[in-house]
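Generate the whole structure from the sequences, applying the supplied hints.
There are 2 protein chains.
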Amino acid sequence: MLEEVFHELDCCITAPQGFTAGTAACGIKADHIQDLAILASDVPCVAAGTFTTSNARAAPVLLCQERLQSGKAQALIVNSGNANCATGQQGMQNAYRMTELVATHLGLDNTLILCSSTGIIGYQLPMEKLEVGVKQITLSKEGGKDFSEAIMTTDTYPKRLGLEFELDGRTIRLGGVAKGSRMIYPNMATMLSYLTTDAALECNWLQSELRAAVADSFNMISVDGDMSTNDTCILFANGLAGNVPLNASHPEVGRFQTALRYITKFLAYELARDGEDATKLMTVHIHSAYNKDDAVKAARAVTHSSTWNHALADDDPNWGRVVAALGASGCTFQQDQFDIFFGEVQVVKQGIAAPYDQQEAQAAIAGHEVIITIDLHLGHSQATAYGSVLKAGCQ
Amino acid sequence: MLEEVFHELDCCITAPQGFTAGTAACGIKADHIQDLAILASDVPCVAAGTFTTSNARAAPVLLCQERLQSGKAQALIVNSGNANCATGQQGMQNAYRMTELVATHLGLDNTLILCSSTGIIGYQLPMEKLEVGVKQITLSKEGGKDFSEAIMTTDTYPKRLGLEFELDGRTIRLGGVAKGSRMIYPNMATMLSYLTTDAALECNWLQSELRAAVADSFNMISVDGDMSTNDTCILFANGLAGNVPLNASHPEVGRFQTALRYITKFLAYELARDGEDATKLMTVHIHSAYNKDDAVKAARAVTHSSTWNHALADDDPNWGRVVAALGASGCTFQQDQFDIFFGEVQVVKQGIAAPYDQQEAQAAIAGHEVIITIDLHLGHSQATAYGSVLKAGCQ
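Top line first, the protein sequences correspond to chains A and B. If you're matching positions, the first sequence starts at 1 in our numbering and goes up one per residue. If you're matching positions, the second sequence starts at 1 in our numbering and goes up one per residue.
Be aware that a few hints might be false.
Partial list, computed: chain A residues near chain B (C-beta under 8 Å) [what the hints assert, rightly or not]:
1) A56
2) C85
3) G88
4) M92
5) I120
6) G122
7) A215
8) L326
9) F333
10) Q337
11) D339
12) G351
Chain B is nowhere near these chain A residues, computed Cβ spacing over 10 Å in every case [to be verified]:
13) A103
14) L106
15) A328
No lab work stands behind these hints: they were computed from the structure. Each residue gets a CB set at the ideal place from its N, CA and C atoms; glycine is no exception.
Here it is in structure tokens:
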């Protein structure tokens with residue numbers, strides 16, 4: 001999938017020069033589970049973030065949005081087990097206090113510290129535990145793996161990746177981690193992802209690039225249809241690789257874009273794959289939509305459709321439910337023009353049943369990874385969405 | 001709930017003067033199950049309908065929308081087992097042919113005949129079976145019950161109601177039937193409802209009244225979150241009661257409005273209640289929303305939230321998930337102003353946890369009928385939504 005100029009690294013957010021991480025078990029979760037983590041750069045970073053569009057944003061999200069207006073950050077503290085959401089003014093004070101603890105512990109400027117929380121909504125953070133926990137954290141180059149595990153809530157495995165590539169005659173590293181939730185009982189449905197790079201970047205360019213990458217990756221996965229109060233994706237770029245800062249007119253910017261798109265899609269795909277009772281992963285490609293907005297609506301409507309999910313779980317190639325989902329999506333749609341393929345099998349041609357073989361259609365959706373391609377024959381836009389399919393009888 | 005001036009009737013769409021119905025087992029479904037039904041009035045009716053907003057509307061929906069532009073209709077034919085959707089030009093021809101069969105059989109003007117289909121998408125109707133089936137149908141005043149059963153697909157029981165009341169010195173009857181789908185495997189997710197009355201009505205007034213009644217009833221239930229290609233609600237008014245035709249300025253119009261609202265809400269509630277593996281019915285009241293659109297969005301977001309449904313199924317009063325659903329709904333929302341009640345127990349006050357007793361909160365949501373009240377403290381609009389909660393472990 002990736003050209004050979006990109007090399008995969010063992011791990012991840014501490015692979016780029018100048019980044020370290022560490023964790024602690026501070027007691028928010030029981031049984032000495034790691035529930036507190038810090039990521040830091042040796043030098044201040046250019047930074048950008050994308051966040052939940054919920055109107056009930058958690059305190060740490062509000063803090064990050066405020067501080068990232070400067071386009072700079074140097075460190076991040078994350079706790080799992082408590083979302084610090086619906087916690088009022090006390091919650092906001094606690095979010096600020098979390099960053100102060102890191103500033104004191106690491107000797108950094110408090111305004112350059114960000115924080116995230118993930119877990120149950122409606123409870124105040126146990127600040128006395130955090131006060132002790134932060135002091136126990138030692139940062140190291142090996143800390144990225146521990147970090148990726150400490151942010152998990154109901155994930156069954158950590159999601160992480162690092163890439164190394166040449167750009168501008170320099171060696172650049174880009175790493176990322178993410179946590180999602182299991183599908184059936186997403187006690188804490190929050191999606192968190194953090195990305196680090198030693199590339200030098202221009203801040204405004206980074207913000208738009210990150211937004212575009214998240215739109216095509218994390219925003220295209222369907223877990224349970226619910227949006228969290230805490231969803232967060234932040235990228236830190238400390239510039240230690242020494243390249244000419246990247247922006248849209250940099251001649252080699254495409255290579256960084258490719259790496260960023262690859263990592264965010266990889267992490268998003270892994271989030272969709274890690275579902276309790278998820279037996280299939282559905283990938284829905286929309287081609288030739290009237291515009292990009294329509295393509296996204298259509299792709300997401302198919303992954304979201306509960307009736308189509310039920311059919312897929314039963315290996316039932318009942319494409320009528322795909323049609324119903326497309327029709328309900330609100331995308332521009334011509335009833336006598338669209339085609340649908342299950343894998344290589346065309347089941348709909350110009351809006352009505354194609355002359356397909358039922359057994360072949362069934363075989364095309366019976367595997368663990370189902371690919372559905374829909375050509376709307378209306379324009380030039382496309383989109384891809386990913387969805388988990390839960391096992392039959394448990395939807 | 002209803003004043004004593006309204007009397008419930010045994011049944012339903014054939015209770016008003018001049019309406020008859022009948023059914024047949026024409027073989028679309030197996031085992032001689034009734035799968036074809038006709039409803040007719042002795043005289044032409046003022047008629048109005050509301051339909052799915054899907055962009056993939058089925059052929060019978062397109063036919064009804066076209067013919068109801070006249071504001072008149074006299075009869076209706078419905079088949080179950082096949083949705084006549086994604087069937088192209090042939091499907092459209094078949095829908096017209098269905099109405100011709102009725103016109104010939106009953107000696108009526110073909111342009112006054114409507115049709116509906118519900119069932120699987122993507123297959124042509126077996127017209128030879130319909131040709132034979134229509135001729136077997138005998139209409140009678142007792143046919144309303146059979147009609148309500150013949151339109152069922154995955155429903156476990158028929159939904160029907162009739163009311164009688166005085167208005168304008170005349171006895172008026174209003175009846176209704178509806179079919180929905182079971183929750184877990186809604187093979188045919190279509191919602192159909194037909195209403196009849198012998199009241200005289202003005203056509204334009206009826207259209208707006210029906211739209212408003214459907215907005216507050218059928219459009220506020222959450223079954224599986226999927227919109228069908230065939231959803232239909234039609235009201236026939238034949239005027240045989242002899243009252244001065246109803247419109248917005250009729251002095252007693254409120255009584256008819258009350259009856260119409262009551263029947264549509266009753267039928268909608270019954271659709272939500274009839275869920276396979278549905279263990280609870282959740283009613284969500286939104287008070288003091290900024291505007292009506294916000295109230296509807298908020299109420300439906302809570303009934304739709306899969307994470308909150310999971311909590312309810314487990315009798316877990318995890319109100320944070322209600323907050324997450326409200327935040328994600330897009331409704332105008334102040335994080336430090338809203339209150340949430342489970343039954344009589346206030347669990348959130350001004351956006352943070354109220355000092356409630358956990359056992360009392362749990363008891364408030366442990367029953368079969370759960371009432372959630374949310375006060376947004378922003379304006380004067382309200383809405384109520386109904387949702388099925390599936391049993392734990394099967395979501």
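Verification of the supplied hints:
| no. | hint | verdict |
| --- | --- | --- |
| 1 | A56 | holds, 2 Å |
| 2 | C85 | holds, 7 Å |
| 3 | G88 | holds, 4 Å |
| 4 | M92 | violated, 10 Å |
| 5 | I120 | holds, 6 Å |
| 6 | G122 | holds, 4 Å |
| 7 | A215 | violated, 17 Å |
| 8 | L326 | holds, 6 Å |
| 9 | F333 | holds, 4 Å |
| 10 | Q337 | violated, 11 Å |
| 11 | D339 | violated, 12 Å |
| 12 | G351 | holds, 6 Å |
| 13 | A103 | holds, 26 Å |
| 14 | L106 | holds, 31 Å |
| 15 | A328 | violated, 4 Å |
The structure fails hints 4, 7, 10, 11 and 15 (numbered hints given earlier, in ascending order).
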